[in-house]
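Chemist: As a plain string of letters, each chain reads:
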Amino acid sequence: MSYLPTNGERADEGQLIALNMGPQHPSTHGVLRLKLLLDGEIVRQVEPVIGQLHRGFEKLAELGRYPQFIMICNRADYVSTFAYEAAYVRAVEELLGLEPPPRAQFIRTICLELDRIQSHLLWLGTFGLDLGALNAFWYGFRERELLLGLFQELTGARLHHNYFRFGGVKLDLPQGFTERVQSACNELERKVDEYEEFLATSDTFLMRTKGVGVLTKGMAVDWGVTGPNARASGLDFDLRRDEPYFAYPGLSFAVPVRTEGDCYARFAVRLEEIRQSVRMVRQLLRELPEGPIIAQGWEKRAAHLLAKPEGEHYTRIEGPRGEIGIYLVGDGTPSPYRVKLRSPCFQHLAVMAELFRGQLLADLVAINGSFDLVMGCVDR
Amino acid sequence: MAPLGLAERAKDGRGGLLLMRLEGLLRWGRSNSLWPMTFGLACCALEMMATQASRFDMARFGSEVFRPSPRQADLMIVAGTVCKRMAPRIKTLYEQMADPKYVIAMGACAINGGPYQKSYSVVKGVDLLIPVDVYVPGCPPTPEALIAGLIKLQEKIRGEGARS
Amino acid sequence: MAQVQGHEALGELSRRFAGAIEEAGSLKDKPFLRLRQEALLPLCQAAKELGFDHLACLTAVDYPQHGYFEVIYNLYSYAARAHLVLKVRCPREAPLLPSVAGVWKAALFLEREAYDLMGIRFVGHPDLKRILLPEPWSGHPLRKDYDMAQEQFVSKGPQGEDLVSFDQTRGW
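Chains as they are written, first to last, in our numbering: chain E, 1 to 380; chain X, 381 to 544; chain F, 545 to 716.
You may find that some hints are simply not true.
Said to hold, decoys possible - To be clear about the criterion: a stretch of chain E counts as covered by chain X if any three or more of its residues have a C-beta under 8 Å from a C-beta of chain X, and this derived list gives those stretches:
1. 45-55
2. 68-81
Claimed, not checked - Within a straight-line C-alpha distance of at most 20 Å, the following computed SDA-like cross-link-like pairs (lysine to any residue) qualify:
3. K35(E) x K700(F)
4. K170(E) x L285(E)
5. K574(F) x R241(E)
Since the hints were made in silico from the structure, they are not lab data.
Every residue gets a Cβ at the ideal spot worked out from N, C-alpha and C, and that includes glycine.
Bound-form chain E, shown alone (with noise of 0.2 Å):
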């Protein structure tokens, strides 16, 4: 690659380019936008103009009342859409003082690890779509249909669910669930390990990968980087260990963590954390306790419809992303007072613009591709 100026070289004296990458661009994902200032191949300056996708989710969770929310919040993130529901719904329950039931626990962190493992799934897809590995993106998307189904059959949608309810969940699992969640186990399993295989032994792959975009500890704790993200990056820290909610104090699993901080770091936490995310399904349908899915006097919509919890408090769980946190101020009316969403993609990019600067463009795109992106959480 000898024709490229490598770092701090110019490759022609006082030309710098501006440059502009998206709202339409196939690897921003989604309608992101970078202002480039390029010396050459070299960026040399980043700003990130975002705010296309701004819905206003915090103002229309103060125009209607407290159930309502569950349903628009969960598009806020759309990749992982049962994340935000989980955190919101926990947040209003902590403030009631409202425990659900332990099969309704179950069943929400059942749900909330398959849609971990489809978030990387598609993640790993677009990210290999990114690097001109297209096979990525059809492998992903063909095992992400297994557990769309399954969902669907679940919810009765396979995107935006809306299945959480306030002390609990809104259906039970259908007949003979269990046992194709764990056939779509077994199935994920045997394709992670095929995953590895493909892309790691990719030469092409570890090129653009390695030691590309290497973001550190310290960086990564000051801008707020948290999750897949700050793991691969050496911080050791799980929210699903370290503060466990709904089913996960009983769960046995391992944290991956990785210490070099690069494009490859974060591919290969992701994907241990798939495998992770498969063997906590298991345990968890293996434990699944009998009972009811909701709690006492929750059942009826009246009910959720008159809540009126009353407090203020932060509650934070692990997603896809990273540490999904809800700020809820609840004055005593059946709406919301004011509804913070905590976004982690949106720290992601502020800490992706620093680390922009000075590589090359091609490398801007893998760095983009592994910090997991979605322009819904970060616009919200």
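Using the hints provided, position chains X and F relative to the given structure of chain E.
Modeler: Frame of chain E, contents of chains X and F only:
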């Protein structure tokens, strides 16, 4: 313009017969080789990708060539919420597409703002900016629904079915 | 870096800033301190030195009936696994607060968001401008008195910049 009957065209005797058939052929070709633009806005983009990907395989209907550049595409699938900040850009993208061009409004947001109708920053329907050929309802529409919309559009291009 | 357990750090902070703490308590399981504005920056610096390295969430709540905004900082210490919530109030007519972007980089974007949607000005922020809404947008939508009936329309200027107008015919 109503198509002329065979007898009338024979009477006319100015080669109309060939012209009409060529147009039919063009329409048939056009309808079966729609090149959509890679243009995802929000949630619906995932279902658009799923439609294109392994299980649903849009290629069966002649539309697998997703083009990132509007200059090479003739079908815009507006997949997702049209926010006010994005609206002028969508208009520009539409104007950059070469004629003949078609638009599918995919999902509740693109049709009328959907769940965000009350929001301060969402445009209440993409048809306020650009003309829409086919509306596909759903939030988000399933891949089957999008394929049904695509087939409807193909019928429209061929001049079959209801025309406005 | 001196790192102490969560409650010790809290005790240390309450001792050192005793004069500036207006209220102390807990939000569910998380301890919180409500401070006077001028103590915010030194307290944040001290908190970071005591191990609160993660600014998890920064948000603002509008209380027009009381005439102030409340800005809430959710801190977390990875080392001590401890939470700390800081609250500051600023008057609605002059919503000025010191920026903590120099303490945690994570605040750079969060403060811009709070400025954009709630209209709180963070003094000392290196690049305080709107982030989610177009720059010429008028009003801050998350304020309780934001007029939802008065719709604003966006169009694109000759340089690709956003233009905002109240006139429906001049944008979307």
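Chemist: All the hints need checking, so say for each whether the structure fits it.
Modeler: Quick rundown of the hints versus the structure:
no.: 1; hint: 45-55; verdict: holds (count 5)
no.: 2; hint: 68-81; verdict: holds (count 5)
no.: 3; hint: K35(E) x K700(F); verdict: 16 Å, holds
no.: 4; hint: K170(E) x L285(E); verdict: 19 Å, holds
no.: 5; hint: K574(F) x R241(E); verdict: 18 Å, holds
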